[in-house]
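Per our numbering, residue 1 is the first one in the sequence shown, and the count goes up by one each step.
For the record, the hints were derived by calculation from the structure and aren't laboratory data.
No experiment lies behind these values; they were computed from the predicted model shown.
Heads up, some of the hints might be wrong.
[What the hints assert, rightly or not] Restraint-style ranges between C-beta atoms, simulated for each label pair:
hint, residue 1, residue 2, range
1, 139, 206, 41 to 47 Å
2, 203, 50, 45 to 51 Å
3, 175, 50, 32 to 38 Å
4, 256, 71, 15 to 21 Å
5, 198, 143, 55 to 61 Å
6, 44, 255, 45 to 51 Å
7, 156, 267, 52 to 58 Å
Cβ atoms here follow ideal geometry from the backbone N, Cα and C, with glycine treated the same way.
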Amino acid sequence: MARNIPLKALSIAAWHGWLARRGLAALFGVYTAQQLVLLLAAAALPANLGCGYAALFLRTGQVIFFLLGGVAALGLASAALWSGGRSEVGIGLRTLPGARWKLPAGQTLLCAAVAVGFVAWQLLLYFAFYPPVAAVSTWRLLASLETPLALPTGGLYEQLAQNPLLQVLLPTYPLGWAALAIDLAALAVQGGCIFIHRGWRRLPAALLALPTAVGALALPILAGMIQLRTAEEIRTRYFWPFFFVAVALTVLPAAVQWVWAVRELKTGR
1 MARNIPLKAL SIAAWHGWLA RRGLAALFGV YTAQQLVLLL AAAALPANLG CGYAALFLRT
61 GQVIFFLLGG VAALGLASAA LWSGGRSEVG IGLRTLPGAR WKLPAGQTLL CAAVAVGFVA
121 WQLLLYFAFY PPVAAVSTWR LLASLETPLA LPTGGLYEQL AQNPLLQVLL PTYPLGWAAL
181 AIDLAALAVQ GGCIFIHRGW RRLPAALLAL PTAVGALALP ILAGMIQLRT AEEIRTRYFW
241 PFFFVAVALT VLPAAVQWVW AVRELKTGR
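Sequences and hints are given; from them, build the entire structure.
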């Protein structure tokens, strides 16, 4: 039985991913469409003449859309948990002998894959939308040559460096990668375990994810501060203690969520 546990978790992740495919595809499509439309519209506005690609990305609220889209993607990845008899979340999984952590393990694997896929999709969109948005910005500026304005500065590399979200999703230093990995792992555990609970227990389970969300937002910010500061500044301003507090705030609630979900399955609630 123990040898089949990893395969069982993978099969649950694959099956639940198949059940969630339409919702995830719709979310990715809507997210792509809104980003392209808003960026092109912002590039064509006279008020944004001279703005670079990164500035347009921030002005159109794409950071907020990314956070909301990520939460929605994790929620849709767990949609199979309330899909009735088509999902392994019924009486059989809760009563038959075997490892009770295979359902949260499968859901966590699925949420991790969805989170990594959403991050990769945003990176792909940022690269893909740069040429058309830059073309519209240039066209709009050329149409206003009577006004002495400067052309948008910098190429794609400069626009990557000027975008704080892309600095988090594509860090250039080891501590940034560590912060990103911790964030994705903790959020995957939270997303994979919340909907295992049933009834009113889902509300406190969702509230338990809030500290992880706060820590996940703070981690890359603190990692960037540590990277940019001198050793003396890091020592005197206590960046490392704050960083480890953010790690604990991110990881510990996720660990509690995992233990709680496994206990729920063991008690058969």
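Going down the list of hints, with the structure as the test:
One distance hint, 41 to 47 Å for the beta-carbon pair residue 139 and residue 206, holds here, with the actual separation near 46 Å. At roughly 48 Å, the beta carbons of residue 203 and residue 50 sit within the given window of 45 to 51 Å. A C-beta distance of roughly 34 Å is found between residue 175 and residue 50, which places it inside the suggested range of 32 to 38 Å. Here the CB-CB span from residue 256 to residue 71 is close to 20 Å, well matched to the stated 15 to 21 Å.
Taking the beta carbon of each, residue 198 and residue 143 are about 59 Å apart, inside 55 to 61 Å as hinted. About 48 Å separates the C-beta atoms of residue 44 and residue 255, a value consistent with the hinted range of 45 to 51 Å. Between residue 156 and residue 267 the beta carbon distance is about 53 Å. The supplied range of 52 to 58 Å therefore holds.
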